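Protein chains in written order, with our numbering: chain A, 1 to 110; chain G, 1 to 114.
Possibly wrong hints are sitting among the right ones.
Stated by the list, open to error - When the alpha-carbon atoms are kept at most 27 Å apart in a straight line, the in silico BS3-like pairs for lysine-lysine are as follows:
1. Lys58/G - Lys101/G
2. Lys70/G - Lys28/A
3. Lys70/G - Lys101/G
4. Lys26/A - Lys80/A
5. Lys101/G - Lys26/A
6. Lys80/A - Lys70/A
7. Lys13/A - Lys80/A
8. Lys70/A - Lys28/A
9. Lys70/G - Lys70/A
Bear in mind the hints are in silico, worked out from the structure with no lab data behind them.
Treat the numbers as computed from the prediction; the structure is a model and nothing was measured.
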Amino acid sequence: AQTIHQWPVAEIKAVGSPLSLGCTIKGKSSPNLYWYWQATGGTLQQLFYSITVGQVESVVQLNLSASRPKDDQFILSTEKLLLSHSGFYLCAWSRGEEQYFGPGTRLTVL
Amino acid sequence: GDSVTQTEGPVTVSESESLIINCTYSATSIAYPNLFWYVRYPGEGLQLLLKVITAGQKGSSRGFEATYNKETTSFHLQKASVQESDSAVYYCALGTGNTGKLIFGLGTTLQVQP
Numbered sequence: 001a002q003t004i005h006q007w008p009v010a011e012i013k014a015v016g017s018p019l020s021l022g023c024t025i026k027g028k029s030s031p032n033l034y035w036y037w038q039a040t041g042g043t044l045q046q047l048f049y050s051i052t053v054g055q056v057e058s059v060v061q062l063n064l065s066a067s068r069p070k071d072d073q074f075i076l077s078t079e080k081l082l083l084s085h086s087g088f089y090l091c092a093w094s095r096g097e098e099q100y101f102g103p104g105t106r107l108t109v110l
Numbered sequence: 001g002d003s004v005t006q007t008e009g010p011v012t013v014s015e016s017e018s019l020i021i022n023c024t025y026s027a028t029s030i031a032y033p034n035l036f037w038y039v040r041y042p043g044e045g046l047q048l049l050l051k052v053i054t055a056g057q058k059g060s061s062r063g064f065e066a067t068y069n070k071e072t073t074s075f076h077l078q079k080a081s082v083q084e085s086d087s088a089v090y091y092c093a094l095g096t097g098n099t100g101k102l103i104f105g106l107g108t109t110l111q112v113q114p
């Protein structure tokens, strides 16, 4: 069975500080991977997707970047956080048309 | 652009009552999008409830049903008799292509009272 793990579960960070969120998928080789973001009261927005190692496509520009250093790992990061980065970040993988989501990371930027 | 509009919550119903959560979509980048309902139960992650990828077809799961209506660009979620365990946030979503892009609605919080 496939499992998806995100870390950390929650973060409280200062404006201007760096950020790194991680996502690991086990039990699925060469998955398509996705990062989503949900602001409080907002909808889920897809930020990035990756079809293969080392390749990431940006969907929405939010002064964030993503990387896929390994087949089963997807990293979301920025060097300088903004207040507007606060929210809930979800990682997902897909099988056909269906996407399967991780538990998410709650980010609060102060 | 592509968008999804769904019933604004919270929606409160009593156990054993019927439920409909409306979802309409606008798809400009693709003629026949895939349509999904996702659900987040309290304390759990977002999970797929049902999907329909062919216009005119109906999807069902856990007593919920939704029909892909291309004429009215709708994908309403229905259940004949809700249970307290159905309390959750429901998201309608539209799939726009093979890159896996999903467009979500704002979500509808359903509260089922015993």
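Outcome of the hint check:
no., hint, in the structure
1, Lys58/G - Lys101/G, "holds (22 Å)"
2, Lys70/G - Lys28/A, "violated (34 Å)"
3, Lys70/G - Lys101/G, "holds (20 Å)"
4, Lys26/A - Lys80/A, "violated (30 Å)"
5, Lys101/G - Lys26/A, "holds (22 Å)"
6, Lys80/A - Lys70/A, "holds (24 Å)"
7, Lys13/A - Lys80/A, "holds (10 Å)"
8, Lys70/A - Lys28/A, "holds (13 Å)"
9, Lys70/G - Lys70/A, "violated (40 Å)"
Consistency with the previously given hints fails for numbers 2, 4 and 9, ordered from lowest to highest.
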